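Novice: Single-letter residue listing:
Number of protein chains: 2
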Amino acid sequence: MSKDKPSIPKGTRDFGPATVVKRNYIFSVIKRTFEKFGFQPLETPTMENLSVLTGKYGDEGDQLIFKILNSGDFLAKISGQDLEQGYKPLTRKISEKALRYDLTVPFARYVVMNRNEITFPFKRYQIQPVWRADRPQRGRYREFYQCDADVVGTNSLLCEAEIVLMIDEVLSTLGLDDVTIKFNHRGLLAGIAEAIGAFGREADLCVAIDKLDKVGQEAVNQELRTKGISEESITNLQPILGLSGSVEELLPQLDKLLKDSAEGKRGLQDIRGMLAFLGSFSQTQAKLELDVTLARGLSYYTGCIFEVKVNNAQMGSISGGGRYDNLTGMFGLPGVSGVGFSFGVDRIFDVLEELNLFPQDSQTITQVLIANFDEASMTYALPVLQAFRQAGISSELYPDSAKLKKQMAYADQKNIPYVLLIGSEEMQSGQLNLRNMRTGEQEKLDLPAILAHLKNNL
Amino acid sequence: MSKDKPSIPKGTRDFGPATVVKRNYIFSVIKRTFEKFGFQPLETPTMENLSVLTGKYGDEGDQLIFKILNSGDFLAKISGQDLEQGYKPLTRKISEKALRYDLTVPFARYVVMNRNEITFPFKRYQIQPVWRADRPQRGRYREFYQCDADVVGTNSLLCEAEIVLMIDEVLSTLGLDDVTIKFNHRGLLAGIAEAIGAFGREADLCVAIDKLDKVGQEAVNQELRTKGISEESITNLQPILGLSGSVEELLPQLDKLLKDSAEGKRGLQDIRGMLAFLGSFSQTQAKLELDVTLARGLSYYTGCIFEVKVNNAQMGSISGGGRYDNLTGMFGLPGVSGVGFSFGVDRIFDVLEELNLFPQDSQTITQVLIANFDEASMTYALPVLQAFRQAGISSELYPDSAKLKKQMAYADQKNIPYVLLIGSEEMQSGQLNLRNMRTGEQEKLDLPAILAHLKNNL
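Read top to bottom, the protein sequences are chains A and B. For the first sequence, position 170 matches number 170 in the working numbering, and the numbering has no gaps at all. For the second sequence, position 56 matches number 56 in the working numbering, and the numbering has no gaps at all.
Okay, chain A solo, but in the shape it has when bound (with noise of 0.2 Å):
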């Protein structure tokens, strides 16, 4: 065996327990808001067959799957010819399954398969862990989890609406109330692009503007110019690019702007859609803007594409999404428009952690220590131990009879709330000595006493 120091392989981590502790907090919060939404739960299988995989994210994206040796002699149906050909197609001999890469190609092929028994509209979601061998980096891992939500099989604007409330509801309940959801639609970007005279290439513009908040306008306009858009497209983008004010001032600058695009006349009509729906439901917490420079890398979306910030923390997006048209296309299976979103668990993480947002009951497992002194009191404390869990206070006794020194350490460090002390004089008095330890109080009481007391208090 080995005795060598152990370690993790770079960019996964181990999650503590005060770490996993507050990271399912947020997941709760997500969950509970995708299943008060009416969407269910699905998952699917860590590894997929390397063929699903494979031509669904690019060549770079290609290139950052984990592949899974073969299990057994995987080098029994290989010749000396198979090596020389180099290690990608070697690959495809010595590997047919794959970590999965995202959450979404995975659905997709769920859906695939399942196509005769779901019932549609189907509404899921999905928090899993995927991998990605990406070159780690600050806030970048090899492991990390996605939570995803996805209504396929319905083209209802209904669901674009629920998403701005999903998203709401999420970032306000984990107590951040200073949000923007920025909003454009894939179809204001091809009228744009038809308007300003370059017609056809609004995928060169979204790769371009993408950019705009990181690199600035000039170097957009460079990017635009190596792409072969002409002067004259450009000039008539800048006063675009610098469009702003409330949707209400925007949509009717479009009109005008995009009356000869029926792209672009499709994406304002979804949006005053989607609008119409959120106007019915009373006012959300987070602040809604139509920013036409939005475009978000991703080439399946169709309609809507959405993106969340933090106003007041250090973070880029926390959430993002969009409606595709064809995602089962990949898997022969064309015509399922569908729309969704993901939340970014790790940047909101870092993000409750920077506003000091998570609450103080989010980071408690044990409620109640009861400190052991000795054989006596150890057995004097188990049914006190049994009536705290039957009133469901989840509760511990010190297993040894340590110093109370170490015993109260323990206690802070697991961040359990109270300690209940019984030494020989509480033992014969009935009244147990209960340590509030957020306070540093103690009060004696009987136990009928105690449990009212950590009921009104926990």
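Simulated from the structure, these hints should not be mistaken for laboratory data. Possibly wrong hints are sitting among the right ones.
Taking lysine-lysine pairs in the DSSO-like style, the calculated list, with each CA pair at most 30 Å apart, reads [stated by the list, open to error]:
(1) K265/B / K414/A
(2) K5/B / K309/B
(3) K455/B / K455/A
(4) K10/A / K56/B
(5) K88/A / K77/A
(6) K10/A / K455/B
(7) K214/A / K227/A
(8) K93/A / K93/B
(9) K455/B / K444/B
(10) K287/B / K265/B
(11) K5/B / K5/A
(12) K88/B / K88/A
(13) K93/A / K455/B
(14) K93/B / K56/A
(15) K31/A / K31/B
(16) K265/A / K227/A
(17) K10/B / K88/A
Keep in mind the model is a prediction, meaning the values are calculated, not measured.
On the provided structure of chain A, position chain B as indicated by the hints.
Specialist: Coordinates of chain B only, in the frame set by chain A:
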């Protein structure tokens, strides 16, 4: 892009909503119980360094570990010579990481890596999937969840007693009330080896006796002969294999039998210690049975061992565990005693299905579906929908004005207990039509009455 019919790797499973919801019910009962007893959650990465895993599960186990191909040009550092040495040495050159095979070794690795930050005793639970390249069979998968709870850093027999209490609480909460918790102690097995004149041969004894249930007494004896156990020892063993009766009846017989064995006496003392703790708690539902033929395969157990059987179901052990004295020794940290156990969720799932024990409300996500007749009813429904959600009721509005039959089928398929029908008459009167999908009853009520009705009935 591939248009082939997509599939998933053999031995893996998609969990559709109906299954996830039932599985989550089991997980939540287990999790709630672990936390009630003061266990904290830990999560370790899916990928471990191969060096952490190899050599921990025996040669056969090593073969069943899923290895991950190094990313990039894994052939770059490979020579023709490497290839001639066969696939096993080559694996080490093209793979550095692997999928975790169980939760025990990663836990030991975590404890050793974080020994300076952890406050002992460390009570952790871990509910995560593991992967084994086993030949898939009915009930045996290549990806499956383990639910482990362990305490390390204390010898207290309170931990053994609490394992019994937790097993009892989880299974009785799930409605499994005819359960036997079998236990034994490795010291008893060593003592029996000594008593029958086969001192030090308890490992061979365990391996053979472990199969008693499956192959019968004669085949066990045959295996013992093959292992070189003398005829005299085998003859001495027979009455011991046949020992039966309550714990109270067995203990005095074992006192006599093992009076000259230090290991045997240690085992009896531990068992009495555990039973004394259990006696201080009120009676558990599960039957406790001392079974001196219980061996459990895993060689790292050194103290009490457990195994759990549901008596009225066709299923093997659904939970098991025991005490080990040196789990972290494999990573160079000796002397950390611990005790732990694990629930088999797939088996529990099958038992609950067999006995029809999944509660109906554990199978529901959406509680109310609002039917969608036309644009007017849809607009009317939006604030109603919001009122439901604000009251904490999971609800959805069918997104399209589809045929009612289709919408009802949707509610049925999602197991939604109530459908709200808002036709033109209902909109005028404000008396909305609430249909109970289980009974078929319909009732006309205003919104506050509906909210009250749902609050009382969900």
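Novice: Out of the numbered hints, which ones does the structure contradict?
Specialist: 1, 2, 6, 11, 13
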